[in-house]
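Colleague: So the chains spell out like this:
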Amino acid sequence: MSLLSVQNLKMHFPVRGGVFYTTQAVCKAVDGVSFELKAGETLGLVGESGCGKSTVARSVVRLLKPTSGNVVFNGHDISTQSQSALRSQRREMQMIFQDPAESLNPRHTIGQILEEPFIIQKLGTRAERAEWSVELLKRVGLPADAMFRYSFEFSGGQRQRIGIARAIALNPKLIVCDEPVSALDVSVQSQVLNLLLELQRDMGLSYLFIAHGLNVVKHMSDRVAVMYLGKIVELAPATELYQNPRHAYTKALLDAIPIADPTQRRERQLLRGDVPSPINPPAGCAFGHRMKHPKWEQSVGMDLTLKEISPGHFVQPCPCCT
Amino acid sequence: MPTPLLEVRNLRVGFQTDEGLLTAVDDVDFILEAGKTLGVVGESGCGKSVTAMSLMRLLPQPAGRILSGEVLLEGRDLTKLPIEAMRKIRGNDIAMIFQEPMTALNPVQPVGMQIIEAIQLHEPTTPAKALRRAVELMEWVGIPAPEQRVNEYPHQLSGGMRQRVMIAMALSCHPKVLIADEPTTALDVTVQAQILDLLKRLQNETGMAVILITHDLGVIAETCDDVAVMYAGRIVERGPVYPIFAKPQHPYTQGLIRCLPKLDHPPKTTLPVIPGMVPSLRDMPAGCRFAARCPNPHSTDVLNTRQPWKECGSGHGVEACACFASQISAS
Chain D
8 MSLLSVQNLK MHFPVRGGVF YTTQAVCKAV DGVSFELKAG ETLGLVGESG CGKSTVARSV
68 VRLLKPTSGN VVFNGHDIST QSQSALRSQR REMQMIFQDP AESLNPRHTI GQILEEPFII
128 QKLGTRAERA EWSVELLKRV GLPADAMFRY SFEFSGGQRQ RIGIARAIAL NPKLIVCDEP
188 VSALDVSVQS QVLNLLLELQ RDMGLSYLFI AHGLNVVKHM SDRVAVMYLG KIVELAPATE
248 LYQNPRHAYT KALLDAIPIA DPTQRRERQL LRGDVPSPIN PPAGCAFGHR MKHPKWEQSV
308 GMDLTLKEIS PGHFVQPCPC CT
Chain A
304 MPTPLLEVRN LRVGFQTDEG LLTAVDDVDF ILEAGKTLGV VGESGCGKSV TAMSLMRLLP
364 QPAGRILSGE VLLEGRDLTK LPIEAMRKIR GNDIAMIFQE PMTALNPVQP VGMQIIEAIQ
424 LHEPTTPAKA LRRAVELMEW VGIPAPEQRV NEYPHQLSGG MRQRVMIAMA LSCHPKVLIA
484 DEPTTALDVT VQAQILDLLK RLQNETGMAV ILITHDLGVI AETCDDVAVM YAGRIVERGP
544 VYPIFAKPQH PYTQGLIRCL PKLDHPPKTT LPVIPGMVPS LRDMPAGCRF AARCPNPHST
604 DVLNTRQPWK ECGSGHGVEA CACFASQISA S
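Protein chains in written order, with my numbering: chain D, 8 to 329; chain A, 304 to 634.
The hints are simulated quantities; they were obtained by calculation from the structure and are not laboratory data. Just so you know, these numbers come straight off a predicted model, no measurement behind them. One or more of the hints may lead you astray.
[To be verified] Here are the simulated PhoX-like pairs of lysine-lysine, each with C-alpha atoms no more than 20 Å apart in a straight line:
| # | chain 1 | residue 1 | chain 2 | residue 2 |
| --- | --- | --- | --- | --- |
| 1 | A | Lys571 | A | Lys339 |
| 2 | D | Lys180 | D | Lys45 |
| 3 | A | Lys565 | D | Lys258 |
| 4 | A | Lys571 | A | Lys550 |
| 5 | A | Lys571 | D | Lys45 |
| 6 | D | Lys180 | A | Lys571 |
| 7 | A | Lys479 | A | Lys391 |
| 8 | D | Lys258 | D | Lys314 |
| 9 | D | Lys258 | D | Lys302 |
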């Protein structure tokens, strides 16, 4: 059984305006996303900004209440649970954010930050909590005296380590990583990625790993889902997806990655235009619409549920892009 | 030897702070030839943006100043120019684009007005002609429907379009040098590819030289002719892009290239790392600044004495720290 199962998740936001602040349009940030995540597995989520990847992340940990659809975690449907029932589930799922400077309270010492999850869950005495916090710091490669310092005293990489320490404090099963290394320098980035991999091996963690750096996602993930305008257009094992992309959007994304080897310079097929707005998205295949593909009209009204084309490799079956 | 378009010699830039004078750029030199692209790569705080700002003489005042060195544009030393003359150089000879166009553009003025302002500052022209020129420029940088876009505000444009507006503005007076400071860092890969492609096209059409500042080695490998690798305020390795990637000599360059996750790496394996962190500006060693993170065994002498610069052929040079100087092979 999978640890996390997301079924037809939709997250729509009303766009209000006008004199009476009425709903004038609906922003379909996430529009029918389904995937499974097994224990110990990493699912990568890629796509351009505005495609809904962070909204998926936030709905999965119920920082947002989905408009419809189910998020079944550990056998409980957390999309409908009450806040108090959620609290026990939250122990098991944590989140790491892009900018650790903004996700750590600047007025709390690192000790207070790390202790907070235990206090919320009413665990341990004060002495025990301090002891656990020191262990956590050691676990992520920081000295014990960091306990008494504030987050601004640390570099970006160290702050991200603190964010990771807080996330693993309660021994969770799932960590949602939303762009965990985007703000870091290359040399620090590999240190943090190694730490995440090591923790996964030791603690059996599952990751939902969101990043726009496709190389990073490939390196971290067992399977990768490609999102475009609120929908998953392709989902496959990482190596398979990168070697054998089937959807035109996946191909375009992969083609745009700069390769750090000047001998591999190439002429690219450039993608025209920007990601369209999820407010009033086009009918049918949104990417075919952007590319003005001659077969796009055929995709309007079609069932665009992902189809399995080879074991584990799912793709949106639109006539324009596959 | 003909005078190069832009030559920077022994540039040192410092900031006066509460803790005394901090040298952010220490003894940087490089040459930029007409029509070429020089990539400057390094991590945050290595001095790449400060170098760019000092070429334009746009250092934050009064704290920042050029301590010594020369910036020669076609043989003319920009560091000695009076402010008025420098103002003429900016835009006409050297222009700059920035990482976040949203903060560089005026949010309460239509983008067309901002381009027109740039044009009218530099050449006497009628408003109608300037407007026509702005529309042409916007079309040139690939903005669709420029006649409508001139009246739009920055927030109505996407990140990629905003960066195109910045480029149009920067190129309005045909500069000889364009400094692009992380121009694609805030953009998605697909839009990044569009912007890099645009810069290349415009460069081919105008023959301008580009200094491309980035932390992304992929971008460097794909777009630059030459590379300067900066670490802690100094250039540690410099040369044409091919030998730098094929035979990096400095352990820092080697480490940077190695620790990138590559598409053909086996997934979920431990990545090579550069341990530790950049030393603080407050206690920079006089000698090799990478020593504390260097994987090579070294004596403490390398920290105390400035390590010599060594050429290894065809323009490829490196700060040859004693820990690897004997192994330098010609490229």
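Colleague: State for each hint whether it applies.
Modeller: Outcome of the hint check:
1. Distance hint between lysine 571 of chain A and lysine 339 of chain A is unfulfilled; the C-alpha atoms sit about 39 Å from each other, more than 20 Å.
2. For the suggested pair lysine 180 of chain D and lysine 45 of chain D, the alpha carbons sit about 10 Å apart, so the restraint of at most 20 Å is met.
3. With a CA separation close to 17 Å, the supplied pair lysine 565 of chain A and lysine 258 of chain D stays within the 20 Å bound.
4. Simply put, lysine 571 of chain A and lysine 550 of chain A have alpha-carbon atoms about 27 Å apart, too far for the 20 Å limit, and the pair is violated.
5. A C-alpha spacing of about 16 Å is found between lysine 571 of chain A and lysine 45 of chain D, which places the hinted pair at or below 20 Å, so the restraint holds.
6. Taking the CA atoms of lysine 180 of chain D and lysine 571 of chain A, the gap is near 18 Å; set against the 20 Å cutoff, the hint holds.
7. Restraint check for lysine 479 of chain A and lysine 391 of chain A: the C-alpha separation of about 13 Å stays at or below 20 Å, so the hint holds.
8. For a cut-off of 20 Å, the pair hint linking lysine 258 of chain D to lysine 314 of chain D stands: about 18 Å separates their Cα positions.
9. Note on lysine 258 of chain D and lysine 302 of chain D: the hinted pairing holds, with a Cα-Cα distance of about 18 Å set against a maximum of 20 Å.
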